[in-house]
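Here my numbering is used: the first residue of the sequence shown is 1, the next is one more, and so on.
Just so you know, the hints here were simulated from the structure itself, not pulled from any lab data. Among the hints, a few may not be true.
Okay, the calculated beta carbon distance ranges per label pair [said to hold, decoys possible]: (1) Lys-28 - Asp-290: 35 to 45 Å; (2) Ala-18 - Lys-51: 31 to 41 Å; (3) Thr-311 - Trp-34: 27 to 37 Å; (4) Gly-237 - Trp-34: 20 to 30 Å; (5) Gln-29 - Asp-194: 46 to 56 Å; (6) Thr-311 - Tyr-36: 26 to 36 Å; (7) Lys-100 - Lys-15: 36 to 46 Å; (8) Arg-175 - Ala-292: 13 to 23 Å.
Note that the Cβ used here is the ideal one computed from N, Cα and C, for glycine as well.
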Amino acid sequence: MPKRYENLDHVSTHKTWADFRRWQQERKQKRKDWSYVVPHVSPPQYERLQKPNGRPQLCWIGHSTFVVQMNGITIVTDPVWAKWMGTAKRLSAPGVPLDKMPPVDVVLISHGHYDHLHFGSLRRLPGDPHMFVPEGLGRLFRRRGYRHVTELSWWETASFRGLSLTFVPAQHWTRRTLWDTNTSHWGGWVIEADAAPTIYFAGDSGYFRGFRDIGERFSIDYALLPIGAYEPEWFMGPQHTTPEEAVQAFLDCRARLFVPMHYGTFRLADDTPKEALDRLWAEWQRRELDDARLLCLRLGEVIDTTQALATVSFIRAPSQTTEKQQT
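Take the sequences, apply the hints, and build the full model.
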């Protein structure tokens, strides 16, 4: 029998077919405006990725796909350039077309769901990247002929040409077939390097105490956190954060800057991209947080991560109890 993985505190994300049918019936009653499309940067900034000139850089491709460049190394998180996800068409084109991508050195996979692990996109990435994947997922890559694959468990760290890559917990689940539910793990990644900002890529997660644990172990500069696919909350709650929970997760992990992701690319739930952003900004203002610490990137936008940090005044606060725990 294959090993089955669990969340912290044995939190279950399991839903029954009855739950799914209830959601689909509720969905028929909703009338949503899907006209808003996440904007692309104009003019395109592809050339900055091709010639980083030693700058540490960050670029949002869409959904949970980012390009991270530091110390001369190009990293891609959860590479998905797919035009369709099941029967749902992509809502916005990738921020950088595949044929404009630089050679990739490292791929970080958060978990095995199709909107985070798309082998069609992986095969077309330029370069010969080393794949860093959750425990239990390596066999899927090796069966497909990938030569450079490293599996990690929660809190394990791997080194790659001066980078430190740590696989950290998330609250989620995974499945690619009817028979492999939770036979591989899920999580996020903390990327560290000398003389470069520390980046926390959260992957896909519901709200959980692990955000605070991660903030206590690392000095995070950028938190890339999911804000979409939360409606209906009674169905999605354990596995996807709401925008308000994402703000709390940002405070829990004590990061300096928040970059939202996991919205605006695929229709995975009933919330629209505009709703997710509106709720995010409303919560940000309610908590009276500095607007400069929230970076809502345009698709394809490339930022110098060191330069962006220099514009933010921030003193890292001690770990604090979350609002959810207080209530």
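Results of checking the hints against the structure:
no., hint, verdict
1, Lys-28 - Asp-290: 35 to 45 Å, "holds, 42 Å"
2, Ala-18 - Lys-51: 31 to 41 Å, "violated, 54 Å"
3, Thr-311 - Trp-34: 27 to 37 Å, "holds, 34 Å"
4, Gly-237 - Trp-34: 20 to 30 Å, "holds, 22 Å"
5, Gln-29 - Asp-194: 46 to 56 Å, "holds, 54 Å"
6, Thr-311 - Tyr-36: 26 to 36 Å, "holds, 27 Å"
7, Lys-100 - Lys-15: 36 to 46 Å, "holds, 39 Å"
8, Arg-175 - Ala-292: 13 to 23 Å, "violated, 40 Å"
Going through the hint list in order, the structure does not satisfy hints 2, 8.
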